[in-house]
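Peer 1: From first to last, the protein sequence lines stand for chains A and E.
With the UniProt record's numbering, letter number 358 in the first sequence gets 358, and the count goes up by one each step, no holes.
With the UniProt record's numbering, letter number 167 in the second sequence gets 167, and the count goes up by one each step, no holes.
These are computed hints drawn from the structure, not numbers from a lab.
Errors might be hidden in some of the hints.
In this list, chains with the same sequence are indistinguishable; a pair is considered to hold if it fits within one copy or across any two.
[What the hints assert, rightly or not] With a cut-off of at most 30 Å between alpha-carbon atoms, the simulated DSSO-like pairs for lysine-lysine come out as follows:
#1 Lys93 with Lys292
#2 Lys93 with Lys350
#3 Lys70 with Lys84
#4 Lys350 with Lys292
#5 Lys428 with Lys38
#6 Lys425 with Lys70
#7 Lys350 with Lys97
#8 Lys93 with Lys9
#9 Lys291 with Lys70
#10 Lys38 with Lys312
#11 Lys38 with Lys279
Number of protein chains: 2
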Amino acid sequence: MLSDFVMGKTTDKDERKRALAACRERLAAQQQEIKAKKLGVLVLLEGWGAAGKGSLLGEVINEIDPRSFKVHAIAAPTEEERRKPFLWRYFVKTPEKGLFSFLDSGWLGETVRQHLAGELDTAAMTRRIGSINTFERQLADDGTLLVKCFLNITRKEQAKRIARLEEDKDTAWRVSGEDERENERYDEYRDAFDAALTATSTTYAPWHVVDAGERAEARLALMTILTGAIDAALAAPRAPAAVPQNRFPLLPMPRLAEVALDKELDKGEYNDRLEAAQKRLRELHNRLYRKKVPLILVYEGWDAAGKGGNIKRVAAALDPRGFEVLPIASPEPHELAHHYLWRFWRRLPKDGHVAIFDRSWYGRVMVERIEGFCAQNDWQRAYNEINEFEAELSAWGAVILKFWIHIDPETQLARFHERQANPEKQWKITDEDWRNREKWPAYEEAVDEMLQKTSTTYAPWHVIESRDKKYARVKTLELIVGALEEVL
Amino acid sequence: MLSDFVMGKTTDKDERKRALAACRERLAAQQQEIKAKKLGVLVLLEGWGAAGKGSLLGEVINEIDPRSFKVHAIAAPTEEERRKPFLWRYFVKTPEKGLFSFLDSGWLGETVRQHLAGELDTAAMTRRIGSINTFERQLADDGTLLVKCFLNITRKEQAKRIARLEEDKDTAWRVSGEDERENERYDEYRDAFDAALTATSTTYAPWHVVDAGERAEARLALMTILTGAIDAALAAPRAPAAVPQNRFPLLPMPRLAEVALDKELDKGEYNDRLEAAQKRLRELHNRLYRKKVPLILVYEGWDAAGKGGNIKRVAAALDPRGFEVLPIASPEPHELAHHYLWRFWRRLPKDGHVAIFDRSWYGRVMVERIEGFCAQNDWQRAYNEINEFEAELSAWGAVILKFWIHIDPETQLARFHERQANPEKQWKITDEDWRNREKWPAYEEAVDEMLQKTSTTYAPWHVIESRDKKYARVKTLELIVGALEEVL
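Put together the whole structure using the sequences plus the hints.
Peer 2: Have a look at this one:
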């Protein structure tokens, strides 16, 4: 895309002025329209060092109410960012619906830099391109508009600008070793940028190359691209996105109705096996920490199935400084204004740490599906999106285990009655629990579909028979221990 | 506190078992009671290296539902943490009402370590103690229970434990150079801990020294302290906290009624002065960034006074990578579950960056006061709390400027009508604006009190006459430029 891009085209000055005025007027109106239509706009500005990303960005946002955008300057990853998956710092910066997010460089620049530093072999590079395209597609499917621009300058122009910046002590700090390296190895960088641009230019998130040799021209080009893209997105009614065929390694799972719930443990065996598994898990947690392996445990299950007590037995075996239980409630307003996976990306553990999700992103294909909190197309797409999300976590190195804590309706009813009769447990039972209970068949159908479609080799579901809570706790702990022993 | 603390007391084994069982039972019940009474509990565990903080913490949280607590392990500050005020990483970890936050070491350990590393001179140490006591008092006044424990071991015991940990490769990583240093310079550390414990032991957040030489005894001691403190907090009805006398350097401020609104600028002068001030601000922003000085701008004002346009003119002069506009709406549920300043601590800029608050923590003494969203005692205390908060930011190095964008009721009415008549501006006017307008006298009284009580030398208020928006914009910009020139 860069090697055949023609540089140096100019517009007549009056013509440019007229066109720019039209763009500015349009953008001023568009910020209200995107708010009204809840269109989130992610603008990614990539380009050569010293191409003028910062100044151009300044000119564009000048046309927008400062309450309508966020600007994120992406530098080399911090310590915290390095301990999270590659996409983490980008996903958490995706825009709220109705607002702009501007990224001053991002995943393209980072990838090309890593590539040229020899940090990505062929396999890693292929996976990386896949991650980026998946990430962008997920956003686009959720209705976010992606506008990606690459600011292009010639080697000569870049050298000139670097020299000029270095002359002034107020601007010299802006020149990085990276900029100088780019200029020295310009052709090599151009080829790497070119390849990465081509590999990540998709229908839903195409790249736009901008000639940044002449500032006024670059400004007009950028404004034209941006306003054009927004107009197109505003004009098109949002069509349901495709629900792709499964491409993940799925494990065979039983239907819930086939699961026998008569498994039990007597008190003695329970105590022995529980203690042994906890002891082993304690040791493994130490090694997990040293080897910086993240562990992600997902708990879902029927109300009163015994999730809380089960989680407690696992947590008791972990070093308190290295795990977190994340109770997931209904999303708050700022969470609803983002992609539904956003709030889970934000809660990912650091490497070497354990995150126990007490309910999770699977709410999308259960409560949100059944209560109609999202469109049919949304939850139907979610199976694939969730498999993609977990594949990303797995590629990062995470061990992922998911538990469906299972009981039958009769057991639930007995436990509900028991809770209501016990003053110390009454807080545990709400009207909503009774309402959900009435929807048991709908939930069972949803859970069955979820288990069939999202139990992958790298993030398997386990149905935990929990009519006997002792049995359930031991089974869960032993599954975790087994999975960790395999990995460590 | 440490030097005269008697170590080595033991309890009869059966007695200990009975007492521990009673504590465990009590704590199990307390977690529901604190939820019901919305009591947040912050447990700070400090102590010698290798005193067993982690294991003891593990035993305590074992008695609590994992959904009811968060554990925060505090290590040396990260790059991000070093770019924020000292208290930042602690304030953002304060508990939600109804839940526990456990800190595995914290502000005491950090302070003593800095002290012994020679990083705090006498003046800095005095300020630090003041910051800590203020922070703890603010939390206590808000109803949070603070339980602070120091785990004490002898020099001999510490040496033994360090040696034991180092023997095993699974635990050797837990021993830090800091632990070894402590043991070598034990007496020096003990005196420093002692002094810091004494200086931060207050009625509202007393220190408890725990003999950690024998694990079972330490566990019982810790559980006894914790359950006792919770019982005391649950038993006492929350009394209104004291509203202290002002101790901050206040600037004389006019009453709003005295402010003449006839200031104007003609178009030509406006353009010239605006451009000059923006140019100068652009240069100063560069220097701010290099010198790592944070700038905090607070905008408050009447509806339709012209806040948005004013902010836009300031933002336009700033490098987009170095500032953020933070529109402050009503708090969301998770924000309401914390101290009202929590959401602003979370939004503080990094050093060298600019944060523009479009509405702010002053909501406490305006809308929350007038609408009754908080108790009278709460907003009356807030003037002092806000002065303390801003003093903390100022000590960190922040330049703070606060603007009251001012108009009269007639101007507001004219602008409301104009907005309603203009289809492109209708979105700007809501029913709430009309309702607020009816409460003008109450707001005026609140604003006057706020200006009188919170305009300090280090964080001054400026009333910006905004009947002529041009005049207002230029005045604001020139004030910012003036303040920065004084500092840089």
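Peer 1: Identify every previously stated hint that the structure contradicts and give their numbers, smallest first.
Peer 2: Violated hints (numbers, rising): 8 and 11; every other hint is consistent with the structure.
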